[in-house]
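Chains as they are written, first to last, in our numbering: chain A, 1 to 493; chain B, 1 to 481.
Check the hints yourself; a few may be wrong.
EDC-like cross-link-like pairs, simulated, lysine to aspartate or glutamate; straight-line CA separation at most 16 Å [what the hints assert, rightly or not]:
#1 B:K292 / B:D348
#2 B:K400 / B:D317
#3 A:K115 / A:D212
#4 B:K362 / A:E31
#5 B:K425 / A:E164
#6 B:K362 / A:E164
#7 B:K149 / B:D190
#8 B:K362 / B:E431
#9 A:K435 / A:D357
These are computed hints drawn from the structure, not numbers from a lab.
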Amino acid sequence: MHMEPATFPFLSAILLSCVVGMLTIMVIPEERHVLIKQVSIFFSGVCLLLTLYVFFAFNRSLGGLQFVEQVSWIPTLGISYFNAVDGFSLPNLLLTGIVFFTGVLTMWELNTRVKEYFALYFLLVTGVFGLFMSMDLFFIFVWYDVSLFPMYLLIAIWGTTRKEYGAMKLTLYLLAGSALILPAIIFLWAKSGLNTFSFVSLMHPGMFSPADQKFAFLLLFLGFGILAAVWPMHTWSPDGHVAAPHGVSMVHAGVLMKIGSFGVLRVAIMLCPLGWIYWAKSMAVLAVIGIIYGALVGLRQTDLKYVIGYSSVSHMGVVGLGLSTVTVAGLNGAVFQMFAHGIMTALLFSSVGYIYDRTHTKLIPELGGLSRIMPVASAFFILAALAGVGLPGLANFWGELLVFLAAFKVYPLFGVIGVVTLVITALFMLRVVQKTFYGPANARFAGLPDVSPWLGTPRIILAAVLLILGLYPSLLFNVIRTASVPFMNGLPR
Amino acid sequence: MNWITEGPEIFYFGASLWFLLLTFAAPQKPVSNGGRRREYLSAILLASVGILVCLASVRAEGWLFIRAYSVDLFSQVFKTLLSLGLFLIVSLCGSISDIDERRHNEFYFLLFSCTLALMLLVSADHLLSIYLSLELSSYSLYILVALRKRRALGLEAGIKYFLTGSFAAAVMLFGMALLYSSCGTAYLPDMAKVLPGLISRPTVIMGLLFTLGGFFFKLAVFPFHSWAPDAYQGASNQVAGYIATASKVAAIAVVLRVLASAGHGSAYLVHVLVILSVVSMTLGNLAAIVQKDLKRLLAFSTTAHSGYVLIALLVLDPAGYSAAIFYALALLVMKFTVFMVIVELAPDGRNLQIEELAGLHKRSPIMALALLVALFSLAGIPPTVGFTGKFLIFTAAIQKGYVALVIIAMINVVISLYYYLLVIKAAYLLEPAEALPPLLVSFPKKLLAGFSIVGIVVAGFFPYWLIQIANAAVLPLFGGR
Numbered sequence: 001m002h003m004e005p006a007t008f009p010f011l012s013a014i015l016l017s018c019v020v021g022m023l024t025i026m027v028i029p030e031e032r033h034v035l036i037k038q039v040s041i042f043f044s045g046v047c048l049l050l051t052l053y054v055f056f057a058f059n060r061s062l063g064g065l066q067f068v069e070q071v072s073w074i075p076t077l078g079i080s081y082f083n084a085v086d087g088f089s090l091p092n093l094l095l096t097g098i099v100f101f102t103g104v105l106t107m108w109e110l111n112t113r114v115k116e117y118f119a120l121y122f123l124l125v126t127g128v129f130g131l132f133m134s135m136d137l138f139f140i141f142v143w144y145d146v147s148l149f150p151m152y153l154l155i156a157i158w159g160t161t162r163k164e165y166g167a168m169k170l171t172l173y174l175l176a177g178s179a180l181i182l183p184a185i186i187f188l189w190a191k192s193g194l195n196t197f198s199f200v201s202l203m204h205p206g207m208f209s210p211a212d213q214k215f216a217f218l219l220l221f222l223g224f225g226i227l228a229a230v231w232p233m234h235t236w237s238p239d240g241h242v243a244a245p246h247g248v249s250m251v252h253a254g255v256l257m258k259i260g261s262f263g264v265l266r267v268a269i270m271l272c273p274l275g276w277i278y279w280a281k282s283m284a285v286l287a288v289i290g291i292i293y294g295a296l297v298g299l300r301q302t303d304l305k306y307v308i309g310y311s312s313v314s315h316m317g318v319v320g321l322g323l324s325t326v327t328v329a330g331l332n333g334a335v336f337q338m339f340a341h342g343i344m345t346a347l348l349f350s351s352v353g354y355i356y357d358r359t360h361t362k363l364i365p366e367l368g369g370l371s372r373i374m375p376v377a378s379a380f381f382i383l384a385a386l387a388g389v390g391l392p393g394l395a396n397f398w399g400e401l402l403v404f405l406a407a408f409k410v411y412p413l414f415g416v417i418g419v420v421t422l423v424i425t426a427l428f429m430l431r432v433v434q435k436t437f438y439g440p441a442n443a444r445f446a447g448l449p450d451v452s453p454w455l456g457t458p459r460i461i462l463a464a465v466l467l468i469l470g471l472y473p474s475l476l477f478n479v480i481r482t483a484s485v486p487f488m489n490g491l492p493r
Numbered sequence: 001m002n003w004i005t006e007g008p009e010i011f012y013f014g015a016s017l018w019f020l021l022l023t024f025a026a027p028q029k030p031v032s033n034g035g036r037r038r039e040y041l042s043a044i045l046l047a048s049v050g051i052l053v054c055l056a057s058v059r060a061e062g063w064l065f066i067r068a069y070s071v072d073l074f075s076q077v078f079k080t081l082l083s084l085g086l087f088l089i090v091s092l093c094g095s096i097s098d099i100d101e102r103r104h105n106e107f108y109f110l111l112f113s114c115t116l117a118l119m120l121l122v123s124a125d126h127l128l129s130i131y132l133s134l135e136l137s138s139y140s141l142y143i144l145v146a147l148r149k150r151r152a153l154g155l156e157a158g159i160k161y162f163l164t165g166s167f168a169a170a171v172m173l174f175g176m177a178l179l180y181s182s183c184g185t186a187y188l189p190d191m192a193k194v195l196p197g198l199i200s201r202p203t204v205i206m207g208l209l210f211t212l213g214g215f216f217f218k219l220a221v222f223p224f225h226s227w228a229p230d231a232y233q234g235a236s237n238q239v240a241g242y243i244a245t246a247s248k249v250a251a252i253a254v255v256l257r258v259l260a261s262a263g264h265g266s267a268y269l270v271h272v273l274v275i276l277s278v279v280s281m282t283l284g285n286l287a288a289i290v291q292k293d294l295k296r297l298l299a300f301s302t303t304a305h306s307g308y309v310l311i312a313l314l315v316l317d318p319a320g321y322s323a324a325i326f327y328a329l330a331l332l333v334m335k336f337t338v339f340m341v342i343v344e345l346a347p348d349g350r351n352l353q354i355e356e357l358a359g360l361h362k363r364s365p366i367m368a369l370a371l372l373v374a375l376f377s378l379a380g381i382p383p384t385v386g387f388t389g390k391f392l393i394f395t396a397a398i399q400k401g402y403v404a405l406v407i408i409a410m411i412n413v414v415i416s417l418y419y420y421l422l423v424i425k426a427a428y429l430l431e432p433a434e435a436l437p438p439l440l441v442s443f444p445k446k447l448l449a450g451f452s453i454v455g456i457v458v459a460g461f462f463p464y465w466l467i468q469i470a471n472a473a474v475l476p477l478f479g480g481r
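Just chain A, with the same shape it has in the complex (with noise of 0.2 Å):
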């Protein structure tokens, strides 16, 4: 694999832009509310720029990994600190950046215990990164750990909606995928017997026998595909959204379950091929499972939150499929489903964030003719919901075109239950549309200002990434090319 050393730690500087922003937090005192909200834009302000400098930077024609740098970290074990980005994480990377940035700008309203909002905030999102970036297995699994243990309190303190339950639930159920996930990076470690969690070291074919590779795909696929919220191991993901605080919906819809199936990708697939193929059916199974399940339960809820939880299991399914058929088509469109995915529920969340702010209701029956009270924070959702209907234009769309044409080629049958399923997606979505933003208003929320364009900055930000990447997709697709289209020729067939 082609190697290009950074000639500036770029990926560490977005690291410790985190971690320095969440010191500076800690010690702004609790009472200076504004100061520590512009401090948090400041450093995620950081982040965002960087990445979007590493995104453009990334030498397309080149591929392989870039900006890397690595350092050794406890050699008697073969640790290092090997940070890189190749074409998977890349665009990953680029949507945490957005989210993040977004994230903040959506909670500029937050009044209760604002430091250590931003102090857990800034954590959650160093571990996001961290692992988005790194390529060593043992701090693939730390970065893990370190972006789920502050979900706990972010959701219990400042969530809605049987909070408690929620995050209680959300971290067991996490933290049970990292229980499989720790044992097997140790299996293949002490299999490799290369003394090394080095990634690169670690992904050469034969480098496993069969058998260890299923048994390690396995392992890996469960943990890794909690998080991804593939059925039957979804149920923590819906509670979990509900109740949380919508900038940590947003960063937990939009970034971290894309952890989960980018750890099946780079650590279950990469490592692990023949393990990948001996298993790809079932995963095509619980894949489509998932799309059907999330869009008939997403059918029948009444809270708007728990609407888009469901749709993201849905949608969840279709990174899965993507992943599970083994072919280029369905690694990139699942890549890019996975970016468009994280933006769209990001700007789901963030709109009905600010509709509940005004309202205090998010139960779509008390609800209703919002469109007429606020037109231009429906027009969010609005634009946001027929995303994930998958409409030609915006982003998603492309992220499903590509996974079910290859689906259609390997599992025919799938395919086809899918697309199916899609028109369920389109009825339900549409449905929240229609009773939520039109029909007649509710007096009662007649007097709710409309978004001002400073709170709506974060709402224009992700519509605006919708749109440009609906209308020019190869932005993303020649990034996520110089990965998958490597990694499958050299698949041992």
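Since the structure of chain A is provided, determine the placement of chain B on it from the hints.
Just chain B now, with coordinates in the frame of chain A:
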């Protein structure tokens, strides 16, 4: 004989004598009347000098008492840990209101002599010297537990602890006799030569297991754990902290020494240890879930942690032993930090219920943060020293093929997270029924809390230096230098 070789032992012996002499001195004015806290100040001074003495002698090597007592890097590393543990616990004794003021001299005397005994224990290289030092430390602890002002609680716990403890000691003595009769020697280095050949004999396995049983009592491994919740609950907070930290560290050391002499062990031995480990983890974690008293919860979590330590031990190779040493350090720091918060929150020395933590995040942010970090570390969440310790244990175990055992352990980690989260929830989420005033934490305590937080995180994130020390400390057990 070089003085520096025996430096720590001589120093702590002298320190114990000093407190014994203080008991003869004229009683001083009580603190409430403006009296100076002579015992406390001298204790903290002696304990901090003790760390320096241990550090100075860390490279010492030698033998004593016709080789029944060996000073090597292994023992010196553990002595340093013990001196650190004593210092930390003594630093919590600034306002030890739960021990009668007239008994403070005795309290410190017993604390120092117990530390001395534990130091002798980690150096003991002969079954008899192991037994003697183990009993010396146990007897100090029995009295320390019973010394509590709340008589009923303390005495009940002390007697329970004493009865089960003496039973465990009897079992251990029987095991030692069996070992001696089979090996014909009681020197551990000599046993290491003959044991691997005899290991499949029933008497040897029985002997080894019974002997280990005595140490498992100290570690609170199932089925020798029943004393722990009562003793933790009955003892004053500081003494419970001492039992949870220093005493555990020494117990890990002595198990390491004895097991190292068994070579690669036998299938029977390993099977028994696997079962004990699994049951200890599971039982400890499940029992901890329902606890309302924070100290009882910690006692059961100790049993669970001993289960994790057993995984490192039953691997029976240097990687596992070095992981156990690292974990001993981790346990020391994590448990201490939790006890520090307990002592801060219960200045009158009462037992702390979990719900009493309510509102801690407002009353004292730094203590709440220390509790948060320590509990996450106990649960094994990175980047903390507790995670790194577990990671080392699991790598050692999987390298030997114990994948299923590690998966069971990881599932237990998830179970344990549940009750740690309940405690964290109490500290960060719950609001007290009536508003409580902010906690006045003195500057040294804040400093101590800050150091604990930084220590737990830094030792977890940059562990290489500590791992190297642990690796080097294991070498003497295998005859290496």
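How the hints compare with the structure:
Straight-line distance between C-alpha atoms of B:K292 and B:D348 comes to about 19 Å, which puts the hinted pair past the 16 Å bound. Restraint check for B:K400 and B:D317: satisfied, since their Cα atoms lie roughly 9 Å apart, inside the 16 Å limit. In summary, the hint linking A:K115 to A:D212 is not supported, as the alpha carbons are separated by about 47 Å, beyond the 16 Å threshold. The hinted pair formed by B:K362 and A:E31 meets the criterion: a straight-line CA distance of about 13 Å does not exceed 16 Å.
Note on B:K425 and A:E164: the hinted pairing holds, with a Cα-Cα distance of about 9 Å set against a maximum of 16 Å. A hinted pair counts as satisfied when its Cα atoms are at most 16 Å apart, and B:K362 with A:E164 does not qualify at roughly 19 Å. Only pairs whose Cα atoms come within 16 Å are accepted, and B:K149 paired with B:D190 is rejected, the gap being roughly 47 Å. With a C-alpha separation of about 9 Å, the suggested pair B:K362 and B:E431 falls inside the 16 Å cut-off, and the hint holds.
Only pairs whose Cα atoms come within 16 Å are accepted, and A:K435 paired with A:D357 is rejected, the gap being roughly 19 Å.
Of the numbered hints stated above, those contradicted by the structure are hints 1, 3, 6, 7, 9, listed in ascending order.
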